[in-house]
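Participant: These protein sequence lines map, in sequence, to chains A and B.
For the first sequence, the residue numbers in the working numbering are 1 to 198.
For the second sequence, the residue numbers in the working numbering are 199 to 526.
Just so you know, not all the hints are guaranteed correct.
[What the hints assert, rightly or not] Using C-beta positions, here's what the derived DEER-type ranges look like:
#, chain 1, residue 1, chain 2, residue 2, range
1, A, Asn-132, B, Thr-373, 17 to 27 Å
2, A, Gln-55, B, Ala-207, 30 to 40 Å
3, A, Asp-62, B, Arg-459, 37 to 47 Å
4, B, Thr-373, A, Lys-109, 24 to 34 Å
5, A, Val-20, B, Pro-469, 19 to 29 Å
6, A, Asn-132, B, Arg-459, 29 to 39 Å
7, B, Gly-495, A, Glu-13, 38 to 48 Å
Derived from the structure by calculation, the hints contain no laboratory data.
Glycine is no exception: its CB is placed at the ideal position from the N, C-alpha and C atoms.
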Amino acid sequence: MKEIDARGLACPEPVLRTKVILQESDTQNIQVVVDNGASQQNVQRFLESQGFQTQLEQKGTDFVIIGTSNGTFVESVPVITRSEQECSKIMVMCAADTMGSGDDELGRKLMVNCIRTLKEMGDDLWQLIFVNGGVKLTIDESDVLEDLKQLEQAGLTILVCGTCLDHFNLLEKKQVGVTTNMLDIVTAMQLSDKVITL
Amino acid sequence: MSPGDLDKALCGLVFPTDENVLVGLDRADDAGVYQISEELALIQTVDFFTPIVDDPYWFGQIAAANALSDVYAMGGVPKTAMNLVAFPAKEMELTVLRQIIQGGIDKLKEAGVVLLGGHSIEDREIKYGLSVTGIVHPDKILTKGNIRIGDCLVLTKPLGFGIINTAVKAAMVSTELTEKVTKLMATLNREAAEIMVNFDISGCTDITGFGLLGHLAEMVCGSGVGARIDFGEVPVIEKALDFADMGMIPTVAYENREFRREMITIADTVPRAVQDVLFDPQTSGGLLIAVSGADAGNLMAALHGVGIHESAIIGVVVEEPAERIMVA
């Protein structure tokens, strides 16, 4: 029997602690103590959503929830899922609005050309990620905005670094892709078969 | 504060008034209204809260949209605003505050409202909001106290912001959904308000901390009528019902339900997660509009026509049982 004392904690913390215990161990018996009705109902509902049967006891002003499971339930805590594809998964990371060094004017042209040619990768192109100066390619004034929109419509996941947009004051000007954070980017790196940095 | 606590604290206090007060503290409403001349009345409101999203710029926008909403709900046009700021200036980068204020200013600009000033204090916890002043013709004020039997009830934003924000704290929500909800909260009720006044409407309120049923309860009590809600018609943000089933329900939702327990009857057929959503506290929620049955279809067409796609007719005002809400 796993025991959790979640007294003095505000929602959703008691549910979170319960969730962590369920994820860390295969326990089929769990006891959670909370000190308010909202936490009691939330924890009870969470356990029930995870296939536990629950019993409630009141001890003074505290609530004791006892959950038991027969272990046959399939885990249903939602994790942020991404589309899985059969082919190889190439992630292209665009970390600037220019390609290579030497001459920035040339670099900008090369980058435009490169983005326009990316579609030749076909279904292997899995995610396109824009960080740092690369985010400037996703705004109104971008020469490749239409190309990116077409890629996105065709089903490509385009992620744009929110911190970077914010840094350049472009949050409102982004026109394509989903604003994202470093955790999503690192997760995508890990899941991809190949990361190409431009 | 929970509605019950606020009632307890204020019970029995006597507030001074005069003959120019058109909407005051004697009954629940979104904002106060004070008559200046035969043609003009002032609408005044104030609202502030702790951050509900991580991004300071979006928090500023949401706080401003939320504060402005009370003026729209009274049928008025917001004109000026003052900032209210509490900030831990010694512990936190001042750029954070700058971004919050920028968000507020940008949203005011969108609404055509000017910022006249504000007040700030040092505090351990960030708080931001605004006091907003608007104008309205004294005959055009929309209160919670005049909705008519037979009116249809229209809601202009989906419910579930409180539940989704709780699930965000638990890191269960995708970036896409978080972004969608953030944008919905930052969306002004201006467009819906400008449209509704062209139709035969009898009252309006905006959905905030008391949840849909809490705010509707104020309307039916104020007007001496009852209401029926068709739960299948109520717009709800995707995934909010799933998160409710997993216990991602803000404490305030339980308090809202408890406070109105005696006047609300919910049929057994209404799933529990839907019930929770009906009491879910909203930040910068949509408008709840009472429109005549004859004009309801036209109002819906107009709202959908400008892109307020999630607006829906969710119920109807009835004579009996008075001062009660039935959900089925």
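Participant: Cβ-Cβ distance between Asp-62(A) and Arg-459(B): within 37 to 47 Å?
Facilitator: 23 Å, violated
Participant: Honestly, do Thr-373(B) and Lys-109(A) meet the 24 to 34 Å range at C-beta?
Facilitator: At roughly 32 Å between Cβ atoms, Lys-109(A) and Thr-373(B) fall inside 24 to 34 Å, so the hint holds.
Participant: Falls inside 19 to 29 Å, the C-beta gap from Val-20(A) to Pro-469(B)?
Facilitator: Since Val-20(A) and Pro-469(B) have Cβ atoms about 27 Å apart, the given range 19 to 29 Å holds.
Participant: Is it true that Asn-132(A) and Thr-373(B) lie within 17 to 27 Å of each other by Cβ?
Facilitator: Once the Cβ atoms are compared, 19 Å apart, the range 17 to 27 Å for Thr-373(B) and Asn-132(A) holds.
Participant: Do the beta carbons of Gln-55(A) and Ala-207(B) sit within 30 to 40 Å of each other?
Facilitator: 37 Å, holds
Participant: If you check the beta carbons of Asn-132(A) and Arg-459(B), does the distance land in 29 to 39 Å?
Facilitator: 54 Å, violated
Participant: Regarding Gly-495(B) and Glu-13(A), is the given constraint of 38 to 48 Å on their beta-carbon distance met?
Facilitator: With Cβ atoms ~46 Å apart, the hint holds.
The structure is inconsistent with the numbered hints 3 and 6, although it conforms to all the rest.
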